[in-house]
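Okay, here's what each chain looks like letter by letter:
2 protein chains.
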Amino acid sequence: MVRFLVLYPPPTDVEAFEKHYFEVHVPLAKRLPGLRRYTVSRNPARVRGPQPCYLMAELDWDDMDSLRRAFASPLGQETARDADKLAGWCPAIQSIIFELEEL
Amino acid sequence: MVRFLVLYPPPTDVEAFEKHYFEVHVPLAKRLPGLRRYTVSRNPARVRGPQPCYLMAELDWDDMDSLRRAFASPLGQETARDADKLAGWCPAIQSIIFELEEL
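Chains as they are written, first to last, in my numbering: chain A, 1 to 103; chain B, 1 to 103.
This is chain A alone, in the form it adopts within the complex (with noise of 0.2 Å):
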């Protein structure tokens, strides 16, 4: 499995930003191609670490050939210049792309 994070910090407007996020950017995030489940986490809690995290989001599919064709296609473009307005009001986002292996 493949997962892609993101980690927001807290937003120069929580309102605007939790409606496009949420109104805007989740509906086309959901429709990408072989998503395979989408979390969210408010209020998350660090533990270590300088950076506050105000939302997290975790996205996976089943392979990284399936993440970059998602990611690739018309719809992941349309989700990235999405993600550009969301850095609109969270310009420290941090986002991972990485492989699970279980222990």
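For the record, the hints were derived by calculation from the structure and aren't laboratory data. Heads up, some of the hints might be wrong.
[Claimed, not checked] Computed cross-link-like contacts, SDA-like style, restricted to lysine to any residue with a CA-CA straight-line distance of at most 25 Å:
1) K85/A x P33/A
2) K19/B x V47/A
3) K19/A x A45/B
4) K85/A x Q51/B
5) K19/A x D84/A
6) K30/B x M1/A
7) K30/B x G49/B
8) K85/A x A45/B
Following the hints, complete the assembly by docking chain B onto the known chain A.
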């Protein structure tokens, strides 16, 4: 489900970090009470954000109470002390606890 995420930046001594992580830390953490799943990810690919990431770990529990009991247990405290050793090689470790909400 509740998840504990750890992001390890590139360690100052990769060999010593790897040896300690996989030979000491993982066997300790795998025994934490109530742990449902423990995955690691080598070579995570950063999409956005300034901080490079060397290794990621995600540990899952059924709920926040189960995670809190695990962290408060003698083994949880031993694992936390051991994480301080890992922080010697990776001072800028980020870790976050969050509850998953399926979309």
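Hint check results:
1. K85/A x P33/A: holds (22 Å)
2. K19/B x V47/A: Satisfied, since the Cα-Cα distance of roughly 24 Å is no more than 25 Å.
3. K19/A x A45/B: violated (29 Å)
4. K85/A x Q51/B: Roughly 21 Å separates the two Cα atoms, so the pair holds.
5. K19/A x D84/A: Satisfied, since the Cα-Cα distance of roughly 15 Å is no more than 25 Å.
6. K30/B x M1/A: holds (20 Å)
7. K30/B x G49/B: violated (30 Å)
8. K85/A x A45/B: holds (22 Å)
Going through the hint list in order, the structure does not satisfy hints 3, 7.
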